[in-house]
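Chains Y, Z, C, R, E and D are the protein sequences, given in the same order.
Under our numbering, think of the first position of the first sequence as 1, with each following residue one higher.
Under our numbering, think of the first position of the second sequence as 1001, with each following residue one higher.
Under our numbering, think of the first position of the third sequence as 2001, with each following residue one higher.
Under our numbering, think of the first position of the fourth sequence as 3001, with each following residue one higher.
Under our numbering, think of the first position of the fifth sequence as 4001, with each following residue one higher.
Under our numbering, think of the first position of the sixth sequence as 5001, with each following residue one higher.
Take the hints with a grain of salt, since some may be wrong.
Here are the simulated BS3-like pairs of lysine-lysine, each with C-alpha atoms no more than 30 Å apart in a straight line [to be verified]: (1) LYS4227/E - LYS8/Y; (2) LYS2244/C - LYS2083/C; (3) LYS1022/Z - LYS2259/C; (4) LYS3007/R - LYS284/Y.
To be clear, the hints were calculated from the coordinates, so they are not data collected in a lab.
Number of protein chains: 6
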Amino acid sequence: MTTAETKKSLIWTDIDYEKEGKQVGYLHLPHSVTRSAYGTIAIPIAVIRNGDGPTFLLMAGNHGDEYEGQIVATRLIRELQPKDIKGRVIILPAANLPAAMDGARVSPIDGGNLNRAFPGDAEGSPTFAISHYIDTVLYTKADYHHDLHSGGSSLDYMAFCSARLGADEAQNAKAIEALQVFGAPLSFVWAHSPDNRLAASAAIRRGVVALGGEFGGCGRVSVPNLKIVERGVRNYMAHAGVLKGWTIQRNPTRMVELKGRDYYVYAPEPGLFEPFCELGDMVKAGQPCGQVHFVDNPAREPIVTHFRRDGLLVCKRHQGRVERGDCVAHLATDR
Amino acid sequence: MTTAETKKSLIWTDIDYEKEGKQVGYLHLPHSVTRSAYGTIAIPIAVIRNGDGPTFLLMAGNHGDEYEGQIVATRLIRELQPKDIKGRVIILPAANLPAAMDGARVSPIDGGNLNRAFPGDAEGSPTFAISHYIDTVLYTKADYHHDLHSGGSSLDYMAFCSARLGADEAQNAKAIEALQVFGAPLSFVWAHSPDNRLAASAAIRRGVVALGGEFGGCGRVSVPNLKIVERGVRNYMAHAGVLKGWTIQRNPTRMVELKGRDYYVYAPEPGLFEPFCELGDMVKAGQPCGQVHFVDNPAREPIVTHFRRDGLLVCKRHQGRVERGDCVAHLATDR
Amino acid sequence: MTTAETKKSLIWTDIDYEKEGKQVGYLHLPHSVTRSAYGTIAIPIAVIRNGDGPTFLLMAGNHGDEYEGQIVATRLIRELQPKDIKGRVIILPAANLPAAMDGARVSPIDGGNLNRAFPGDAEGSPTFAISHYIDTVLYTKADYHHDLHSGGSSLDYMAFCSARLGADEAQNAKAIEALQVFGAPLSFVWAHSPDNRLAASAAIRRGVVALGGEFGGCGRVSVPNLKIVERGVRNYMAHAGVLKGWTIQRNPTRMVELKGRDYYVYAPEPGLFEPFCELGDMVKAGQPCGQVHFVDNPAREPIVTHFRRDGLLVCKRHQGRVERGDCVAHLATDR
Amino acid sequence: MTTAETKKSLIWTDIDYEKEGKQVGYLHLPHSVTRSAYGTIAIPIAVIRNGDGPTFLLMAGNHGDEYEGQIVATRLIRELQPKDIKGRVIILPAANLPAAMDGARVSPIDGGNLNRAFPGDAEGSPTFAISHYIDTVLYTKADYHHDLHSGGSSLDYMAFCSARLGADEAQNAKAIEALQVFGAPLSFVWAHSPDNRLAASAAIRRGVVALGGEFGGCGRVSVPNLKIVERGVRNYMAHAGVLKGWTIQRNPTRMVELKGRDYYVYAPEPGLFEPFCELGDMVKAGQPCGQVHFVDNPAREPIVTHFRRDGLLVCKRHQGRVERGDCVAHLATDR
Amino acid sequence: MTTAETKKSLIWTDIDYEKEGKQVGYLHLPHSVTRSAYGTIAIPIAVIRNGDGPTFLLMAGNHGDEYEGQIVATRLIRELQPKDIKGRVIILPAANLPAAMDGARVSPIDGGNLNRAFPGDAEGSPTFAISHYIDTVLYTKADYHHDLHSGGSSLDYMAFCSARLGADEAQNAKAIEALQVFGAPLSFVWAHSPDNRLAASAAIRRGVVALGGEFGGCGRVSVPNLKIVERGVRNYMAHAGVLKGWTIQRNPTRMVELKGRDYYVYAPEPGLFEPFCELGDMVKAGQPCGQVHFVDNPAREPIVTHFRRDGLLVCKRHQGRVERGDCVAHLATDR
Amino acid sequence: MTTAETKKSLIWTDIDYEKEGKQVGYLHLPHSVTRSAYGTIAIPIAVIRNGDGPTFLLMAGNHGDEYEGQIVATRLIRELQPKDIKGRVIILPAANLPAAMDGARVSPIDGGNLNRAFPGDAEGSPTFAISHYIDTVLYTKADYHHDLHSGGSSLDYMAFCSARLGADEAQNAKAIEALQVFGAPLSFVWAHSPDNRLAASAAIRRGVVALGGEFGGCGRVSVPNLKIVERGVRNYMAHAGVLKGWTIQRNPTRMVELKGRDYYVYAPEPGLFEPFCELGDMVKAGQPCGQVHFVDNPAREPIVTHFRRDGLLVCKRHQGRVERGDCVAHLATDR
């Protein structure tokens, strides 16, 4: 039976993945609409190949409002030359291109969150057609992968590189090693991860060594975090054996992890959220995390919410207004 | 002839501005739409009166995505009691209520920016009806005024209290004195201000001593900036003579000003903006301010933009994506 | 100086108001948009003239979601012949045509509420251009006017015919007399009316004898209310001297009035409103009117609201969901 | 193969369905969007457990603009205590929470109609994720179920409780018995029901005894219908054996049914629909049901539509404007 | 297992496909939304039957902004009588009715492009429910099929009739023969067609002889192209044996084909596209096709794009503004 | 009194209109919104000055979906050098920039049609702020003006250059002379023009010699019309004395005019319009112009509309779908 997974992608490209040298071009996703009957969504891609060796797939713009990765990937496309490479580097600087151009987490075309769209559908809406292509065409070619994130418009993160644990311990060990080589000040292991629709989950299912990371957030471009990403990606590429002439700079990194649902705090009511703590604080179970104010009804008492366990405050909600059920904070604990 | 200025507001309230004691209620702006034929927009207001004395008008939520002021104003409504007051305090915690509930600079109803809507129009769209009421009913009652801002979703500011210079030197002097009493680490004078549609401009035209300020930004709630506002507003109220039992805490403040259009830097092209500097940096004329990247066309070279004069970087664009013509930075110089 | 009031309408028509006989055609309001560069909004109109006599202007569709009047006006256009008329009858069955076609109170083009748009603006948005035409071209021709309303989607009304009091006592007396001739079971006098932007207010300023009425509501078509309107309009036209061969059927009517803001009850909080009373109930000051439930937070206690004076419950909010500040009920008292 | 039906729900909750006592909390449906990267839709739920016994699942807000059930369910959550219960009562007062908060039949997030979304999809859009949870987690726990409806914004119904016939005659008999115990003045059997995507269809497939009902309509809250629901639900819960201390009040009820497509009448043309009959009328095949008027073209003759069989008029379209193909009426016949 | 393909359509109709004579009616697609709980989308259909013979299915309005076919189909419905027919003619003049009423390629309800929606889904969104009905109910009845297109709003085409090649050579031969009988000045064979979601692909899979064609474009109604379609459709119907009394007029036709991706040219950058060639031009590989201007940045040089092979320019983008990846031209070569 | 006309524009620019040489830059219109608190709309402008002489203001993009002028103006900005000029040329290639970037007649920001927005308002919405700047800053500098149009998305025009008659006969004569010098195959005089809100009307009120023209239409870029504009604009500039080294090429031109409302034909009903004539046809009063089809109700007879006078068909509606009141054709008569 033909299922979503076995269908062939309708995305086409003039890029030849097997060709030597550097190509910068587009993946063309057919998108036939009133404005353009034979339109395509042109997703930028670069392939730099120099002889045999592993394939490293660098991806940014999975979420369109996470920018450090997009800038670093764009810069690498211009800077890297075939002579710098051994094997093959594939760079997708704006994987969910419509979202990236919109400065939004999700695509303005179909509302799709690419990082909740794997393994995708060749004939689905654009976000699902993209995830399907990445999964069936790119993940099947890759040995190493980095999917660069930055928290997005709604979250403020202490910058970290991360790994997600899969079923294969050897593959996990390689990811942890790569994480240490990347050398961010903070390294994060997602030891609780109930959702399998993520890019990283799909890559791991394909046997790829995959890293992630949240290099800041708030929809901002952070000057210091850009530096962390620039150096770390090169460390990782050198470690993978695809980047020549780069000396890995080992840096001390604090290893933390998230192990359950109680690491998260959610808004108890819609309103304006006043946080009580700062990123980097060590907090205690039961400690107040913040309170919701009602500016439309100032006589109403604010409602306080509390941390549910001890930990390091690595993530806060960025924007002031909340809906009930929004995550306002999450913790990590040392690993 | 009947003009916008001479029309009587259609906004009504059960609040009696002359009554002793504390009242928390609403301004009702009639808004007759399909969803509610006899609907009103209920804008929260509090009046606390205790005998004779000056009138202090505290306003927040002029821009809906600027939160420190909204929280402090909401808290003061709950905390202040008639015994704490001499004269009258009027508090509008969410002046453009639809914008505040939407977490947006402008009203979702009419797209109106309240701080570009003065002197307003009694029969205009909601934002203009609000500014008309504030101008004709509240500014005519007030002796002192504070309109609390925080940069909004698109700007990141070093927190400061500010004054805007009008035609009356005595009134200006009083504002500068109040600015110093407020005691923020940074104090700002708007010496170049070509737009007369601001709340502060209207208040000054009515002879009110008026302060402003940008206490942070990015659409975030800042824990330290909240403290600056909480203390400064009380200092200012005590200085105005309406707050009893509060000892003004004098703090050193750096006085800066903005004197012309060359303090601003604008995006030269649409794209993803990478800033080169941080808030608090002292920059030089001609120094690169940042560059615009093209993630949809990574082969295209970024376009750099430069500072046009020396100064202190007090304001940066927050969000990564820019349109041509967006302000990406502005400076101040010591006064 | 050229002001909105003195500008000449851009609306044109092939109808000749002075011509004998029956014409059914359109008012063409130029509306140049992307979809149609030389487009016009074609507002239906009929003129039936037979010799000398008064001019009666029947209008419906001022609010697009009030239907009894639209049906009766449409039917009269088809049924009335010149021989039935003495003088001139002008019928606008869908005055705010875009709103009528949208089944909405306000126009989907500009959000305009025609009954809050008088005296209008020849060069304003469509709703204001319509009100300007009615005011400057039609009200200047009319001796008698009926503007038929039905509460709209958000209100449920006991059906009544109504008059609004102006400054001219003689004109008021004529309106009250016409109200009694109309002969609805309930007759209503708006003795408190702070808003001058209504069609009726404009007609009265032009010296026209003007009736209104709310013949039901909820966005529904009521079978019994259609009969009230059909008969009453003919009574009124015969009384005005423009309808021949119709014997006025005198009916007993209960005369009530609304005299102040305390006749209204507003929602105290957003949520789901449960009313406690029915239309036609006599209620007492302090009696509970209803309560707001919070289905998203069922542990929160409902908030009750009360009537502020004694009276007859003539109007209730129709829809279950409310925003704070929505009118949920209004009363009338016997006159 | 993994299919929609076999996937595990991503919805989580702090509620423990097996715990004794009363819990009021939320189902958290992860919904990762630009506004909130780690957002959840928080759907209210209450579980009241007292020892062994059957499980009764009361649901409202399947359609967001049907209110009697939402109010009764919300009130029961506050009023019922463990001592009143034997076994377990689960209450979902606003099953499609986004629709309920929007006062709409369908969800504003995905346009989803929850009652056309069964059996759902764990990884589908929010409406489908909700139906999947209800089907796989709640219907597998329930013995008795009531899904409370009220016609919605577009339909006006004679209030009735209803049952839908499934393949299992014993289960059908239990439903008919429960219907009689409920004791609404009118009881309705859906003997023609070609669509299997309804909540009731899914519950029946799971072997649950399931009732429905349309307790009014028009998007209104009806005072008398609230009483019918309040009493009937308690009767049903007592009959099911989960409500202690309630004496079932037997009421006479008229049993009717709908047996085919010819019970329905549809609008023949877009326009303004004038009905000719009232709810409760007994009508004849061929009798005119109403006519469509063209207020934008009043010279055009209205188009009449007719009933296709004899019956009791139990349902009318509420709103005046129609599109071709809208149901304007449906009948029932005595059973 | 129940899959999308095996589900039964929920669309119903009063049309009896087996009945002798002429029926004009509707397919009713249930669409339950807030505006109409029991609403249906009423898709017009006509069936004309006269004794035994083949079934010819004429379809237009697959894309709502392609009009020549809609006009011809509508006219044929009014003009054809049973006596003119042998066998059965089924006419769908506006297959994607919501798109046709919107003058758009895609449906305003679900954004669906009917010609990318086959084989559809009985329980999917309206566009997919329509394609499912056409595929399972109509294509299984048809012997001959014509799906009339006209390029749509975004493309300008030299008018041609077309055939698409399938796996069955005999069926292909019949289609080519029908293409020649149709007798448009230009006849087109789609020899490269990677997308199987088209109506024609589905019809061919069902063994139906199927023609297509692009009879103009730009969202316009072309007077000469209407004549080509009127005559050609009758030729085709007579050839199929369903139209009596029509003498096939043989016309010379130029046979062309499209054989690969290099026949297409795409916009290299967003902006304003200036074409350099006209429809009907014979162009050469490497020849400039047009250039993109940047009116918002007039100092930037335009970017030129080129043809990738020789051929006849049969299709140009109509609208001036382009996004990167839009098709701006495609070629054909003689067959 | 301060009125819209006497207010000073808030638009600023780094362009110095008095400076010698060529400047390409922007008009910055402050537009403070949530996305950008200190945003400006950057409208491109070029000024080329070489010594004394007249000022020629070339404008395109008044309507954003009219492209020939935008391309010619953009090309002239790149090609013209100070040495080519005597006096001053000011070029606005995209006057209503938001509309031009949207490919729409009106601005997506405020719905404003710039050519119905004169004399504008300094503090109004963007479209009105632009017209105010053009009127008060540019028209007061200009001696000659050309506002280049092309019919827009909804109209198909025989390409012509045009003049509009004002009150000053000498100024009219100069415009007619310039029209002849421009040398389009067809020249058009607007002798009936009831709307004074056009750019040309404002320019004429300022005493500027002003030409217009509709150089095609349909939202397309026409290769031959581009050539007409390129040559004609240069002829006009040379005639005005600002373009050096260009020999005016005199071409025969057919002079036509439009003198009344009866030159226009409007759609009598919403539906799909089938035209009966082609551009360039000479038609007669009473001749059928086209008919409206009802594809959603194919049994309904089409409705025919007729020309109301004799004339040359210079303009047809482009798009197939019409609303009642859309202009479907207009004529001209020889002058």
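Q: Starting from the hint list further up, note which numbers the structure goes against and sort them upward.
A: Hint check: 1, 4 fail, others pass.
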